[in-house]
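Position chain B relative to chain A; hints supplied.
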Amino acid sequence: MASYAVGLVFRGGAELLFDGVKDHHVTLPSQSEPWDMKQLLVWIRGNLLKERPELFVQGDSVRPGILVLINDADWELMGELEYQLQDQDNVVFISTLHGG
Amino acid sequence: MPVQCSSCACSRAVLKRPKTGHSLCKGCFFWAFEEETHRTITSARLFDRGETVAIGASGGKDSTVLAYVLKVLNERYDYGLNLLLLSVDEGITGYRDHSLEAVKRNQQQYDLPLKIVSYEELYGWTMDAIVKQVGVKNNCTFCGVFRRQALDRGAVMLNVDKICTGHNADDVAETVLMNVLRGDVARLNRCTAVSTAGGGSDGVVPRCKPLKYAYEKEIVLYAYFKKLHYFSTECVYSPNAYRGHARAFLKDLEAVRPSAIADVIHSGENLSLKEGVKMPVQGTCSRCGYISSQALCKSCVLLEGLNRGLPKLGIGKHHRLHGRILARQPLTPVEEEKMKTLEF
Chain A
1 MASYAVGLVF
11 RGGAELLFDG
21 VKDHHVTLPS
31 QSEPWDMKQL
41 LVWIRGNLLK
51 ERPELFVQGD
61 SVRPGILVLI
71 NDADWELMGE
81 LEYQLQDQDN
91 VVFISTLHGG
Chain B
1 MPVQCSSCAC
11 SRAVLKRPKT
21 GHSLCKGCFF
31 WAFEEETHRT
41 ITSARLFDRG
51 ETVAIGASGG
61 KDSTVLAYVL
71 KVLNERYDYG
81 LNLLLLSVDE
91 GITGYRDHSL
101 EAVKRNQQQY
111 DLPLKIVSYE
121 ELYGWTMDAI
131 VKQVGVKNNC
141 TFCGVFRRQA
151 LDRGAVMLNV
161 DKICTGHNAD
171 DVAETVLMNV
181 LRGDVARLNR
191 CTAVSTAGGG
201 SDGVVPRCKP
211 LKYAYEKEIV
221 LYAYFKKLHY
231 FSTECVYSPN
241 AYRGHARAFL
251 KDLEAVRPSA
261 IADVIHSGEN
271 LSLKEGVKMP
281 VQGTCSRCGY
291 ISSQALCKSC
301 VLLEGLNRGL
311 PKLGIGKHHR
321 LHGRILARQP
331 LTPVEEEKMK
341 TLEF
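Residue numbers (the UniProt record's numbering), protein chains in the order written: chain A, 1 to 100; chain B, 1 to 344.
Since the hints were made in silico from the structure, they are not lab data.
Fair warning: there could be bad hints in the mix.
[As the list claims (entries may be wrong)] Quick list of in silico lysine to aspartate or glutamate cross-link-like pairs, EDC-like style, CA-CA up to 20 Å:
{"id": "1", "chain 1": "A", "residue 1": "Lys38", "chain 2": "B", "residue 2": "Glu275"}
{"id": "2", "chain 1": "B", "residue 1": "Lys26", "chain 2": "A", "residue 2": "Glu76"}
{"id": "3", "chain 1": "B", "residue 1": "Lys19", "chain 2": "A", "residue 2": "Glu76"}
Predicted, not measured: the structure shown is a model, and the values here were computed from it.
Next comes chain A alone, as it looks inside the complex (with noise of 0.2 Å):
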């Protein structure tokens, strides 16, 4: 139905995975049902991820220490993966999984 104009961010150790880079402005490709967060992670890893897929995802959700922010709060708050994105949403991936 609409297309989805997404950014997404990836900071704290996870843009290793996406070759450092940091920003990310994407389009998600067109489908009758709304895109949500779940989806949203099976497209990152098929499109966007360089390497090391264990390192981001595990099962359907984001590895253990990432920490996930949508339109900079909390995804637990906004249902986590039944979070349903809207057109200009952000994303934040934080890695927290380094030495402090």
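Chain B alone, transformed into the frame defined by chain A:
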């Protein structure tokens, strides 16, 4: 759809706290995070007025947030502390040289003095050189032991009263698990302490962990929302570190039940040892005078091994050999062979 802050009910919530399940807006989150750190500091009386406190700073997320929050609280509550940043350069190319840039930026942004001590100047060995000799399996042992002592040496050079480190709740919980898995009962007994004793002549400066109860998730989000910049890459030599197993397990537990991290710490804090359990006795190293439970401190044993081309000298239990090493007696060919075997 947007969730309201459960504290002030007037702003949009930006995170769900793993500890409590509460949803907080930015302002309430900052306040809660800072106040809880303040409470950890005051209830345990971590600092005294007028003290000089060195913040162990690596340029990473925990020490960056620690430096920022300590500065805020020092001013807000008039702790009366002299704060400075103390950094250790282990000599890891591609990792530490970059993170030290982040520390220098912290120094400028927070306007705090900075001291860097290096393994090269203290021990004559960089981690790069050590890994060449030791391989990638036990190298973290060297680094951890050397860094602990390096922080003390740096603190003594600067005449500091206390050291504080950015260890967070996840770190402490991982350590509890590691000590259970390895049967290290002595460490299990000590590792949840929020501060150490010290200040004697054994070269040890008391140290504490003001962020002990702060979840890693909250530290990262605090830094993100406050726009604090930190260095974030995994150490190139760490992939085989034993801690990685405890960490992965703990992360999976947290995903199912977020309070698990605080609960593991609680378990660790409330363990008591059976009567009659043999515990190591604290003494000093006969060679360098540093705190030690053996005749030679771990640092001296590891260095001896490196300098004599016997990289496994500090790895595993070889206490019986320490006496002979102290007396600078040669080892038998069989003993030397055991010390030399490397695993890559």
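Hint check results:
{"no.": "1", "hint": "Lys38/A / Glu275/B", "in the structure": "violated, 53 Å"}
{"no.": "2", "hint": "Lys26/B / Glu76/A", "in the structure": "holds, 15 Å"}
{"no.": "3", "hint": "Lys19/B / Glu76/A", "in the structure": "holds, 14 Å"}
The structure does not agree with numbered hint 1 stated previously, though it agrees with all others.
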